[in-house]
Amino acid sequence: MSTLEIKDLHVSIDTEQGKKPILKGVSLTINSGETHAIMGPNGSGKSTLASTIAGHPRYVVDSGSITLDGEDVLAMSVDKRARAGLFLAMQYPVEIPGVTVTNFLRTAKTAIDGEAPKLRTWTKDVKDAMAQLRIEPEFAARNVNEGFSGGEKKRHEILQLELFKPKFAILDETDSGLDVDALKVVSEGVIRANEDGTMGTLLITHYTRILRYIKPDFVHVFVDGNIAEQGGPELADRLEAEGYDRFLPATAQA
Amino acid sequence: MTNAELTKETSAASNVRRISGMDEEGEQLSEINPVASPLGGAAAKSHSHGAGAGIPDSSRAGRLTSYQVADFPAITGREEDWRFTPLKRLRGLDKVALDGAAPTVAVHKPDAVTIETVGRDDARIGSAGIPDDRVSAAAWGAVNEATVITVPAEFDGRSEEHVTTVTLTGAGNAPAASHIFVHAKANSDAVVVLDHRGSAVVSENVEILVEDGARLTVVSIQDWADGTTHASSQQMKIGRDAKLKHVVVNLGGDLVRINPSARFAGPGGDIEMYGLYFADAGQHFEQRIFVDHSVPNCKSRVTYKGALQGKDAHSVWVGDVLIRKEAEGTDTYEMNRNLILTQGARADSVPNLEIETGLIEGAGHASATGRFDDEQLFYLQARGIPEDVARRLVVRGFLNEIIQQIKVPALEERLRDAVERELKAGAL
Ligand SMILES: Nc1ncnc2c1ncn2[C@@H]1O[C@H](COP(=O)(O)OP(=O)(O)OP(=O)(O)O)[C@@H](O)[C@H]1O
Ligand SMILES: [Mg+2]
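Residue numbers (the UniProt record's numbering), protein chains in the order written: chain U, 1 to 254; chain C, 1 to 428.
A few of these clues could be false.
To be verified - Some, not all, of what chain U presents toward chain C, calculated at C-beta under 10 Å:
1. 10
2. 51
3. 58
4. 77
5. 79
6. 113
7. 140
Stated by the list, open to error - Keeping only pairs whose Cα atoms sit at most 30 Å apart, straight-line, the calculated DSS-like set for lysine-lysine is:
8. C:424 / U:80
9. U:167 / U:127
10. C:407 / U:127
11. U:19 / U:7
12. U:153 / U:167
13. U:118 / U:165
14. C:109 / C:325
15. U:165 / U:127
16. U:118 / C:407
Unchecked claim - Short derived list, chain U residues pointing at chain C, Cβ under 8 Å:
17. 54
18. 56
19. 57
20. 78
21. 82
22. 83
23. 88
24. 93
25. 94
26. 96
27. 112
28. 160
Read the hints as simulated data drawn from the structure, not as lab findings.
Beta carbons are placed, not taken as given, at the ideal position from N, Cα and C, and that holds for glycine.
With these hints in hand, go ahead and build the complete structure from the sequences.
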């Protein structure tokens, strides 16, 4: 049983106009086996939270803490966080020229596990996982994300999720831009990754349709850099029906 | 900024009738410098002009060729051919008598391959090439002797122990001239490595003659010490149904400028040109490729890749491919990719495809320069990969596409090691 604990997190970024606060005191605790959904309007800071957990250098933590089983995550380098069991499926995965998917997956798996995977079982694991996610075999020889369509990039993220078996998965809009079939395939991948029920999941989304596959235990409404309301799965349905108006300042409602 | 935003991609489809990088006057120029020149025999050897007024040097068909340095005007740096080259760092190769000691020659070869030192009046000299710039012509005029490597007809030298390695060790910094002739006789199959080391200021002419039906791989490695200036005009003449693989590897030196030019002497010829360069702070690595399709049904593939790191690391790649009217059935594709690893490095990449006949198999080009940026690093690190491993992974993968084409295991290993060393030296 593991716990990822975020306490009173304040995060800003340096812009040309100066320092811009984005997260304004976020607190959130995720335990193994729990699925938390975060929903909120564009620009409210959801990706900022996800990237800060993963350690993106652009985001400056002004105060607050993130701990994994009591260990200070903020003190860890980006790669160390991943090796500690954190995984971020990115909203916009980047292209890596010159590095094939095969080479990348093996290198990452070796780094995460601290030893090279057994070649024969690994090759089979990769092949099977790709087949289940309906990723064509030829993608193995392509460069990471290079020329991938939006949906292909998302499937490649979930492929990694399945193969790396993290303790906590943060899925930043993995469902955005997926067609109906791809959404199902990707959701099933997330469910497989949590087969033994020990993965904690933080699922950032704008739509309830993915929540029909991946049932959240908790739903958090993210507004202007903070959690404005929390509830169970029913909160997601209400958000989809009503939108975020009631959370926004009156002036913005006009 | 994402990688995609920094990546420029151009390509031309096979049905493009004419794509000129520079001008629309190309057709008439083939008369000034006819198809057969410089490979059409004695006439071409004794006479080659074209430096009249008003001839743009932007079409490769109109480029002046001559064995006489005096035929070439002094280089100003404004010429298309020289606009990227830091002329000061030529250290006189374009101006002074090249009477310094040439790099010494040491050879490791199978018994059947012969090596000779011949006088400049040897009949073979000039049979595969003719200078097309002043620095090359200066060397042509200055050399007293040339090294001729001959692969006998029918020789089967495919296995690794049959590789011929010519080690050219720089003899110091007095401007010098050097001449190498690689001769693959009919239906032979061989690998010749030109391995440049040490310190030099040298203008070199390399002629590569591949007779009918021969298969030849020539690898020119520039692993010079710092401070070296090396200009090398490498001219290839490919016979009927012959196949040449030409590989340029630029690893060290202050200014290295390699001009590989391929010409076909009969139909069915095939040239594969590969290049790999790794430019560090302050280094200028320039490669200007020319493929002259003047014969029907020949094929060319040009694939150059470079990595750059450090302040004022500069690479230049110019790929001129000319498909003349006669060259029906031509199949050509050229590609250059650069990976910029740090701030302050610069890659210039200029593909030029001139097509004078519509009756071709295919013609295309691509050029892209990308940057290894923080977002890529973050992505790899977010998958548990430490920063240094991440950078090596990207560069190694990027350059390996070229290295694996060499197909000489010991050489491939040396180049992989060299890439590792470059990465370490760059303190990445
Ligand atoms: N590099 C940056 N420069 C300027 N502003 C930034 C930068 N990165 C993030 N921001 C700002 O921070 C705020 C939060 O952005 P974030 O990406 O976290 O939002 P989000 O909730 O994920 O939105 P979406 O639903 O559109 O994905 C936005 O106002 C955004 O413009
Ligand atoms: Mg977002």
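Hint check:
no.: 1; hint: 10; verdict: violated (21 Å)
no.: 2; hint: 51; verdict: holds (8 Å)
no.: 3; hint: 58; verdict: holds (8 Å)
no.: 4; hint: 77; verdict: holds (7 Å)
no.: 5; hint: 79; verdict: holds (4 Å)
no.: 6; hint: 113; verdict: holds (9 Å)
no.: 7; hint: 140; verdict: violated (14 Å)
no.: 8; hint: C:424 / U:80; verdict: holds (22 Å)
no.: 9; hint: U:167 / U:127; verdict: holds (23 Å)
no.: 10; hint: C:407 / U:127; verdict: holds (29 Å)
no.: 11; hint: U:19 / U:7; verdict: holds (21 Å)
no.: 12; hint: U:153 / U:167; verdict: holds (22 Å)
no.: 13; hint: U:118 / U:165; verdict: holds (16 Å)
no.: 14; hint: C:109 / C:325; verdict: violated (41 Å)
no.: 15; hint: U:165 / U:127; verdict: holds (16 Å)
no.: 16; hint: U:118 / C:407; verdict: holds (28 Å)
no.: 17; hint: 54; verdict: holds (5 Å)
no.: 18; hint: 56; verdict: holds (6 Å)
no.: 19; hint: 57; verdict: holds (7 Å)
no.: 20; hint: 78; verdict: holds (4 Å)
no.: 21; hint: 82; verdict: holds (4 Å)
no.: 22; hint: 83; verdict: holds (5 Å)
no.: 23; hint: 88; verdict: holds (6 Å)
no.: 24; hint: 93; verdict: holds (7 Å)
no.: 25; hint: 94; verdict: holds (5 Å)
no.: 26; hint: 96; verdict: holds (5 Å)
no.: 27; hint: 112; verdict: holds (4 Å)
no.: 28; hint: 160; verdict: holds (7 Å)
Figure legend: structure checked against the earlier numbered hints; hints not met, in rising order: 1, 7 and 14.
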